[in-house]
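Protein chains: 4
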Amino acid sequence: MNSKPRSEDGHDIPPAATERDTGRVEAFSDGVFAIAITLLILEIKVPHAHGSSRPFSLLGSLTGLWPSYFSYLLSFTMIGIYWANHHYIFKLFTRTNHTLNLLNLLFLLTISFLPFPTATLGNYMLDAANRTTAATFYAVGLLLPACTWLLMWLYATTGRRLVHPRLESAFLHHLTIQYAGTVAIYLGAVLLCLVDVRLGLGVCVGLTLLYLLPPASYAYARGKRTP
Amino acid sequence: MNSKPRSEDGHDIPPAATERDTGRVEAFSDGVFAIAITLLILEIKVPHAHGSSRPFSLLGSLTGLWPSYFSYLLSFTMIGIYWANHHYIFKLFTRTNHTLNLLNLLFLLTISFLPFPTATLGNYMLDAANRTTAATFYAVGLLLPACTWLLMWLYATTGRRLVHPRLESAFLHHLTIQYAGTVAIYLGAVLLCLVDVRLGLGVCVGLTLLYLLPPASYAYARGKRTP
Amino acid sequence: MNSKPRSEDGHDIPPAATERDTGRVEAFSDGVFAIAITLLILEIKVPHAHGSSRPFSLLGSLTGLWPSYFSYLLSFTMIGIYWANHHYIFKLFTRTNHTLNLLNLLFLLTISFLPFPTATLGNYMLDAANRTTAATFYAVGLLLPACTWLLMWLYATTGRRLVHPRLESAFLHHLTIQYAGTVAIYLGAVLLCLVDVRLGLGVCVGLTLLYLLPPASYAYARGKRTP
Amino acid sequence: MNSKPRSEDGHDIPPAATERDTGRVEAFSDGVFAIAITLLILEIKVPHAHGSSRPFSLLGSLTGLWPSYFSYLLSFTMIGIYWANHHYIFKLFTRTNHTLNLLNLLFLLTISFLPFPTATLGNYMLDAANRTTAATFYAVGLLLPACTWLLMWLYATTGRRLVHPRLESAFLHHLTIQYAGTVAIYLGAVLLCLVDVRLGLGVCVGLTLLYLLPPASYAYARGKRTP
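Protein sequence lines, in the order shown, are assigned to chains A, B, C and D. With full-length UniProt numbering, the residue at position 20 of the first sequence is 20, and numbering never jumps. With full-length UniProt numbering, the residue at position 82 of the second sequence is 82, and numbering never jumps. With full-length UniProt numbering, the residue at position 85 of the third sequence is 85, and numbering never jumps. With full-length UniProt numbering, the residue at position 98 of the fourth sequence is 98, and numbering never jumps.
Bear in mind the hints are in silico, worked out from the structure with no lab data behind them. Keep in mind that the hints are not guaranteed to be accurate.
As the list claims (entries may be wrong) - Just some of the chain B residues that point at chain A, by a computed CB distance under 8 Å: (1) Phe28; (2) Ala36; (3) Asn101; (4) Leu109; (5) Phe113; (6) Ala129; (7) Phe137; (8) Val140; (9) Ser169.
These figures come from a predicted structure and were not determined experimentally. Where a beta carbon is used, it is the ideal one built from N, C-alpha and C, also for glycine.
With the sequences and hints as input, model every part of the structure.
Encoded structure:
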């Protein structure tokens, strides 16, 4: 994929193992995003309406699946937003290292897990005895990637460890506040779900809609070009 | 994947966040197309014919799955055609922006959803009480990507927002007519399914066959090369 | 992914719609190969051994799944071989066109379908009443990609339509014979399965082992370099 | 993906069929890694808690799935580590050949198989009668990729067959010891599982944690630059 530098005797010399291009990590992450987002539909099972004498039993079953459509739609949008934002922040990273790769893997773990709470919410949103559990579990499922994302961001930006040296401090700080705020809001959504499922899920939907807005433009320090 | 421009001090400077190369969007979309098209087979379950004393019970079960094969074949072809056409139109786009990325995500949502109505049609096409519902649901499943596709196309081409400036107006207009016509025909197929399942599905098959024809050649305005 | 040529005013000019680079088709096909080969395991379900008082009921269930392991192994190897051979022949193609793309899609359809006969064979190989049906169905599942592969090859090489002009005729002819022979052998395996399941599947295994041998080196005509 | 060399008459000349760039093998392997790692979640099924009069039956069901979460987490980490290490060693390979491709395919087979023992362990870890079988089967599932990995490594490095000629012998030897040791430890874990499930799985967890440490830096022989 990426061309390797060549030594004088015509053989590739790999770069040092600990400082690598971000391209491969992005490609792998893109693969996981694309698979997770497409797998979501497998959790919606074709309803059983055979053998019923009523002529429109399937229609009722299909419309009765609306909680599954709702959770499918919300999780699809969430993963799509994370995909876009993943590239957005990786463009700020000048390189990657072993720890960032592990933190990214941890983040992908929480993304890959999402189809399970999504299916759980779809199955139990209309079940009076279990809807609180299902909605809280789903909100936790959204909280987890927000936490691992923040972790990844804090690691990369602390002391400008892996980010471009000329990025504006205020710009980085702005994103840190945004990502920490996202964690706080999902934490609030988890707690709200325990009190009122509709309120808690409403916060999740609202935050997702906010994230559909275009991200902030990259801000680089000017005037530093001449040393 | 794509090489980044480098500043004078040797670090990558990412492009502005709102105007980006189409390469990454195409790669992600290709991933979703490839996964959705391959997942379709998971919706066809191995039939249960164990314990039957009849020697060819499995043969009957396998041939009895023909509605599933039919819907599998049609959806596979549809996704394959969208994959080819996706690249066809993205080659006309000189860049992408936040809104196009969102519209593309919306289009991919409707593609990823397709395995579900496909499985529903396969399960209920022979069920007299539910075949109308199943076929109409499937036709809606085909209508949705046609709509989101048209939306994406209209956004990109209105006022030549994102397309190559030297493309022939007549060529763009021709494609707009074609994509709007596709939406109209699928809308007709949905309505036809309510009246006669075979007619409605026949329109879907016919339109798919039409789309197997080679797409129109790109038409660029000539003589404008010298300003 | 692939860099586009640029016009004088700095905008991309896409190539003609009908003559395209093979890179994108190969990347998409690779995606389908990778997904189909990895999905195969989903067709092996965890056996039910709960509630049994016997201490090793799960061990018996797991070893009793050997027909599933066998069909999994054979299909995995088949898809892997097709993946390698797909690149092998696409390196001979100097370009692709609309018809080849459609034939390639048809070939991918038969590859994507493979998990279904694989699971059917795994489920019914030990079922005396249905093993003939299951094995024949599986052999047909292997015959189909061999047929679509031959079709793709014949289209590309007839009159050297899409292949490199300096390839040796004898080399192309050798491959045509090989691919046609493969179709003939799988056809024989289908018929043999009807008579004796073990013989028919034995032919499938034998042919797969043969295909593990390295492919023939590309042979180009020499001496034509100077015009 | 990779640019092909061009002959004087402007057509691509593919390289010899037996000596190829490693890029495509890595891309295909990445695809399989990404799919296998994301498919794991499909093996955790939404629990059935409907119709229960108890208000928190779902909560109990979800927490009762902890063996599934445990095996999911462990397998996810394992595949992630293999993904990172796969690139780590393929950067040392200057080229690939038919045999290495086959050995790599064999390795990918054992990776693709992993979701099945993972699901088996998740289902039976709390089943007193079957936990020994399930844990041993899972340990075998981890042993298999370790074995095929070692095979691939030994083939590529024996007589420096495919690795960079200036790599330090001590460095290659160090990795050989490490990979052989990994096989030995997993073999031990399999045997331990037969005696005590917790001990055997504990060894698996411990080894995984060790592999989270950064890999050794590449060591090239110096002073050989001038011939």
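Comparing the hints with the structure gives:
Given the 8 Å rule on beta carbons, the hint for Phe28/B holds: about 6 Å separates it from the nearest Cβ of chain A. Given the 8 Å rule on beta carbons, the hint for Ala36/B holds: about 5 Å separates it from the nearest Cβ of chain A. Evaluation of the Asn101/B hint against chain A yields a held restraint, the C-beta minimum of about 6 Å falling below 8 Å. About 5 Å separates the beta-carbon of Leu109/B from the nearest beta-carbon of chain A, less than 8 Å, and the hint is met.
With its C-beta approaching chain A no nearer than about 6 Å, Phe113/B sits inside the 8 Å limit, and its interface hint holds. Evaluation of the Ala129/B hint against chain A yields a held restraint, the C-beta minimum of about 5 Å falling below 8 Å. Satisfaction of the interface hint for Phe137/B is found here, the shortest Cβ-Cβ separation to chain A being roughly 6 Å, below the 8 Å cut-off. Because the beta carbon of Val140/B sits about 10 Å from the nearest beta carbon in chain A, more than 8 Å, this interface hint is broken.
For the restraint placing Ser169/B at the interface with chain A, the shortest Cβ-Cβ distance is roughly 29 Å, beyond the 8 Å limit, so the hint is violated.
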